[in-house]
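Asker: Sequence:
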Amino acid sequence: MSTTPHTDRSFDELIREAEEADVSGWDFSWFEGRATELRPSWGYQRLLAGRLAEARAALDLQTGGGEVLAGALEIALAGRRPGRAAGPALSAATEAYPPNVAKATALLHPMGTTVVAAPDDPPFPFADGAFDLVTSRHPVKAHFAEIARVLSPGGTYFAQHVGPASVFELVEYFLGPQPAEVRRARHPDDEAAEAKAAGLEVVDLRLERLRMEFHDIGAVVHFLRKVVWMVPGFTVEAYLPQLRALDEQIRSQGSFVAHSSRFLIEARKS
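Each residue of the sequence shown is one higher than the one before, counting from 1 in the UniProt record's numbering.
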């Protein structure tokens, strides 16, 4: 991405633009030139494409606007070998947020994937053992007992999760220091233990912390409006003094630096 700052514009202009921007789905192109984030070294979408190419029946949980799954399906199609399908014969995705359901349906239905409007919490609206591949990118919570239920014997859960204390430099700027138990939440060791307790064998687990930079205050506002669990109940009005101070900091220092936390998990059902 380009890193050209937008700080030649006023605080009010940047805030207004960020408040008016669409935040549905998981398309992050709005941040082009305004924020950067390093990506995990493993390349989740590419690896997902390989898993989809070999699957018979696949389920993507909490698919957002379907952008990641669609991209993986496109990669699988581009790499299709003669005589082989480009993806699973049965492909489904779930999403709870109505604007995202509409976006995902428009994107994924033409690719042969059914989008089911369903809550993130159990029970999933699928039969026992219905899928040999269950996937998810950045689920709010992975419900491993339910994932194990819908996986067929020998099936795989393959996902990229948000790890512990992700972007906490920004979280703690607005909310103050967080207790140890909050900082440890989403730890890969804890989630691996949950997977094992549900009867899954964890065969891969990798964690990385990745540098992020916000180059203008509008990028911060857009991020907090889009990733709503970072600062619950965030509004510009509620945090106006902090936003003005952060705007001055970014203008003087060039960016606000934080670090995202991501882990890859692969678990199989015996």
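Do not take every clue at face value.
Claimed, not checked - What follows is a set of in silico ranges between Cβ atoms, one per label pair, in the way DEER data are often shown:
| no. | residue 1 | residue 2 | range |
| --- | --- | --- | --- |
| 1 | GLU237 | GLU74 | 34 to 42 Å |
| 2 | GLY129 | ARG46 | 25 to 33 Å |
| 3 | TRP229 | LEU90 | 51 to 59 Å |
| 4 | GLU74 | ALA193 | 19 to 27 Å |
| 5 | ARG16 | GLY79 | 42 to 50 Å |
| 6 | MET111 | ASP190 | 42 to 50 Å |
| 7 | HIS109 | GLU172 | 17 to 25 Å |
| 8 | PRO241 | ALA185 | 21 to 29 Å |
| 9 | GLU237 | ALA193 | 14 to 22 Å |
FYI, nobody ran anything at the bench for these hints, they're computed from the structure.
All residues carry an ideal CB built from backbone N, CA and C; glycine is no exception.
Asker: Does the structure break any of the earlier hints, and which numbers would those be?
Answerer: 3, 4, 6, 7 and 9
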